[in-house]
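Quick mapping for you: the protein sequence lines, in order, are chains S and G. For the first sequence, counting from 1, position 18 maps to 18 in my numbering; every step adds exactly one. For the second sequence, counting from 1, position 426 maps to 426 in my numbering; every step adds exactly one.
Keep in mind the hints are simulated off the structure, nothing from the lab. Everything numeric in this text was worked out from a predicted model, so none of it was measured. Backbone N, C-alpha and C define an ideal beta-carbon position, used for all residues, glycine too. A few of these clues could be false.
What the hints assert, rightly or not - For each label pair, taking beta carbons as the anchor points, the in silico distance ranges come out as:
hint, chain 1, residue 1, chain 2, residue 2, range
1, G, E527, S, L4, 35 to 43 Å
2, S, V19, G, A539, 56 to 64 Å
3, S, A15, G, A539, 53 to 61 Å
What the hints assert, rightly or not - The list that follows gives simulated cross-link-like pairs (lysine to any residue, SDA-like), each with its CA atoms no further than 20 Å apart:
hint, chain 1, residue 1, chain 2, residue 2
4, S, K49, G, Y586
5, S, K49, G, M290
6, G, K279, G, P193
7, G, K279, S, I7
8, G, K279, S, S10
9, S, K49, G, P459
10, S, K49, G, K279
11, G, K279, G, G553
12, S, K49, G, V21
13, G, K279, G, M290
14, S, K49, G, D28
15, G, K531, S, L8
16, G, K749, G, R659
17, G, K749, S, N3
Claimed, not checked - Under 7 Å between C-beta atoms, here's a sample of chain S residues computed to sit facing chain G:
hint, residue
18, N3
19, S10
20, L16
21, R22
22, M37
23, F44
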Amino acid sequence: MINLIVILTSAIILALLLVWWRWPMFRVWIEAPKYSMLRQENRFDDQDKEREPATNSSSSGEPA
Amino acid sequence: MTASAHNLTGRNGPVTPGVAVLPSTEYDLIRAHVIASLVTVVISVLFGITVATKFTFPEFLGGHGWLTWGRLRYNHTQGIFFGWLGNAFLAFFYYAVPRLANRPVWSRKLGWFLFGIWNFAVVLPGWALVLNGISKPLEWGEFPHVVDVFVVLAFIAMTFEFVLPFLKAALSDLYVAAWYIIGGIIFTMLAYPVGNFVPELVPGARGAAFSGLWIHDAVGLYVTPFALAIAYYVIPATTRRPIFSHFLSMVGFWLLFFIYPLNGTHHYVYSAIPISAQKGAIVASAYLGMDVILVVTNLLLSLRASSGTASKDVPLRFVWFGVVAYLVVSLQGSVQALMPVNRFIHFTDWVIGHSHLAMIGFASFIALGGIAHLWQRVPGTHYNERTMNWSFWLVATGLTLMVADLTIAGLVEAQVWESSAPWIDSVRAAGSYWLVRTLSGVPILAGFILFWISLVTGPKLSEASLSAASGGASEHMAALEDDSPGSVIPGWSSWLSYAHVVAFGAGVGFFALSFLVLAIIPGNQLEREIKQAAPVTMATLTASEQRGRMIYGREGCAYCHTQQIRFLAADVRRFGAPTEAWETKYDFPHLWGTRRIGPDLSREFNLRPRDWQLTHLYDPRLVVQDSVMPPYPWLFDGSPVRPTQEGLDVLAYIQSLGRARQLSGFEGRWLASSVESGTLDTAMSNEPLARATAPAVPIAMVGGYSLSAPILHPAADQGDLQEEANRGEVLFAANCASCHGFAGAGDGKASASLLPKPANLTAARFSDERLSSVLWNGVAGSAMPPWRQLPTEDLRSLIAYIQNLNASGEALRTQEAAGLGKALFAATCASCHGVTGEGNGPTAGALAPAPTNFHLKKPSEERAWDVLENGVPGTAMPPWRDQLSVDERRALVEFVRSLYGPPQENDRQ
């Protein structure tokens, strides 16, 4: 049981580190979501700012 | 309107030309879930404060079944779990999923359906049913099965609502918060039925293995992923900087989902569950600590250069506190799982402090931060910053006080349990800590209420606040546009094209792995062990005992009394033989418990008489003066001597505990020698079939004392004797007065419902041998328990004090009376009391309580006269007033009183 856990955990970490070390493009690929998340957040903020005066007193009503 | 049109226009207002089309956000559902979360957290914390108050004032709200400690305790944890955190997480999902998936949630109607199920088919009915006594005694699964069905339905609805929007998302677009949301929903949807239904089908130790899985998964794979999703979202969204490393966040995610399910059995270390499963869980716990270090390091590094923001932005401060608490509580959890620590602190208040640090310090702080963060961005809402700041400090102060207090309380309790002090001493020692714990709940409650107030008293013009919230965004985002890499590696997306495939596969795969490693394999091993070890004929519970078991479960008895004696010397010394798997083969579900406020009840069979048990159930303080156990008057018809059928059922169940073990006749020599040599724990790790006899069972005395009892003599020196007697008076008041009365006259509060009555210690003089034997072994057939767990000096002090209660001795009045008395004694009393009055007549062996040995006990004239007149109810001693004349009885009184002291040789003639 212990051996199984140790081997599997070590294998997961080693595999990830190996991929990280061997393929630089993987690093770019794996880090991409943290930027896309912020871009998306900014888009929503921009949209909210645009809409705020029109919807300030309403909730999530259907568009007219 | 079609779905696509809906998405194009959004549901929040008209789209401005030139602005990119974004998915809609269900703000109404966010508001509804936020309000529901705050209503339920206030109610849940009130439940918590009420149950905490009952530790100090056990009679508080104690007259009704639906306000008893156990039921309120169930509602406290389930309310936090479903009502507070569940609604808070759902509110966050409605905010974050459209942003993370770039698609709206599945359906608004499904959303309101989910809201309805969650609050009006799970939380409210769950609370109501539990208060009405319909529940199940499974930790983190107390709501009854009818509610469980709706919980599973809700998770299926969540899968549609929040997981399906990610279906079209490529793996490279999936931010770590989304991974946690998907993983948490899928995993909990699978784990919940296993933890809540399987223990009802798989009994005892095998069921406990499944139950342990859920106990840990509930916190680790429902609370933790969703809280981490909020932390991973709020930190970059507030600081406007990307997290430190998405790679590290993914390593943390995968390790969490792989390792966390493997932790479950660490709740049952030193139990009958196979040692391989226990050690596997311990190793997994250590790995989990390392994983959490990685996750927290990544999160805190994401706050680099944003310390100013963290101090000013209250939502971010909530999240920061939660992240730090996550590190502390996880490392604490890893250490707690280690055997040298676990043997000491398990079952104590330390663990309660740990769970409050997890559920409030980690999960609730992050949930509060998440709600505050999104509240700023919901149209038309804004929080009151000053009030929210107060809320933060109140909750933080209350929590810090509570965790510190409970941690120290746990260490104190553990120290007492390791010693030979009586169990009630640990309750007394914890009393002041429990009071502080109750008081610490008040600022936490006030903090939650203020948080609510801050949400509804904020400024209404949110445009400015939105700008403020987005302040500084432009420059960071400009840099972001320049620095952000492309998101697709040619060739990769061909086989990892859809995130949900990986996430779903991982959720199912890791669940199956934990299920196999911690439940199926140990379960099969236990089944084989049970087949080998169980007696050929092992009686099932009677119908009455079975009903009693259900009442025991519904009243939450298992949350204070374990039925699990661990393979530890301290446990065995105090409670008896360790609990083995075969003993639990008919326990549907298991009632092992994970906390001890009262003693373990595994060996209650034959331990105490029926009248003591009933009196204790009716009002525990009648027999145990400082007990904090709730009274159960609704199981009686106004008096402890008039139990209802339910009361009799509970009595029958309690008195059946350990019956199979005692009747099986297993020898305890091997274990006893291990206890003596102090090698028990090591030996037991290698020998799961160890046997022991229960040392706490009263041993029948023959001739007024037991050879197994050491004879303790009070000090010979008069000054020392007085000192011992003074000390004995204090001990007597604490441990004996509830039955024997403060003056020792046998008229304590419990005496009205005990049969035979507690001894009137003023009406007889007792020898050292007699008192030593009674204190060491108890009195079989009476409510007098053994007190051998008291230190020897305490027992000596009690003997010195009790002997002081009747110090008078008188010479026999006339030789003539002596002759008559001796003849009468030989004719009428010797068959039970023996020819010499040593309590060893031919019938004595069959009597319990044993006949009095008059060489060891000298009754007063009044007492002896009363016994001859009326007999001793509850014993074999009959009244003699109709058979003997007044003169004959007087002669007998004189004679038996003359026997006190060592028997003379001529007495035997």
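These are the hints, each one checked on the structure:
1. E527/G / L4/S: 35 to 43 Å: violated (21 Å)
2. V19/S / A539/G: 56 to 64 Å: Hint holds: Cβ distance 60 Å, inside 56 to 64 Å.
3. A15/S / A539/G: 53 to 61 Å: holds (54 Å)
4. K49/S / Y586/G: violated (64 Å)
5. K49/S / M290/G: Judged against 20 Å, a Cα distance of about 42 Å means the pair is violated.
6. K279/G / P193/G: Since the Cα atoms of K279/G and P193/G sit roughly 26 Å apart, the hinted pair is violated (cutoff 20 Å).
7. K279/G / I7/S: It holds: about 15 Å lies between the C-alpha atoms, which stays within 20 Å.
8. K279/G / S10/S: The given pair, whose Cα atoms are some 17 Å apart, holds under the 20 Å limit.
9. K49/S / P459/G: holds (17 Å)
10. K49/S / K279/G: Status violated; Cα separation ~55 Å.
11. K279/G / G553/G: Not satisfied, since the Cα-Cα distance of roughly 29 Å exceeds 20 Å.
12. K49/S / V21/G: Holds. K49/S to V21/G sits at ~14 Å (cutoff 20 Å).
13. K279/G / M290/G: Since the Cα atoms of K279/G and M290/G sit roughly 17 Å apart, the hinted pair holds (cutoff 20 Å).
14. K49/S / D28/G: holds (19 Å)
15. K531/G / L8/S: violated (33 Å)
16. K749/G / R659/G: Violated, at about 30 Å.
17. K749/G / N3/S: violated (59 Å)
18. N3: Not OK, violated: N3/S not within 7 Å of chain G, min 9 Å.
19. S10: Hint on S10/S: violated, closest Cβ of chain G at ~10 Å, above 7 Å.
20. L16: holds (6 Å)
21. R22: Hint on R22/S: violated, closest Cβ of chain G at ~13 Å, above 7 Å.
22. M37: holds (4 Å)
23. F44: F44/S check passes; min Cβ-Cβ to chain G is 6 Å, inside 7 Å.
Consistency note: the structure conflicts with the earlier hints numbered 1, 4, 5, 6, 10, 11, 15, 16, 17, 18, 19 and 21.
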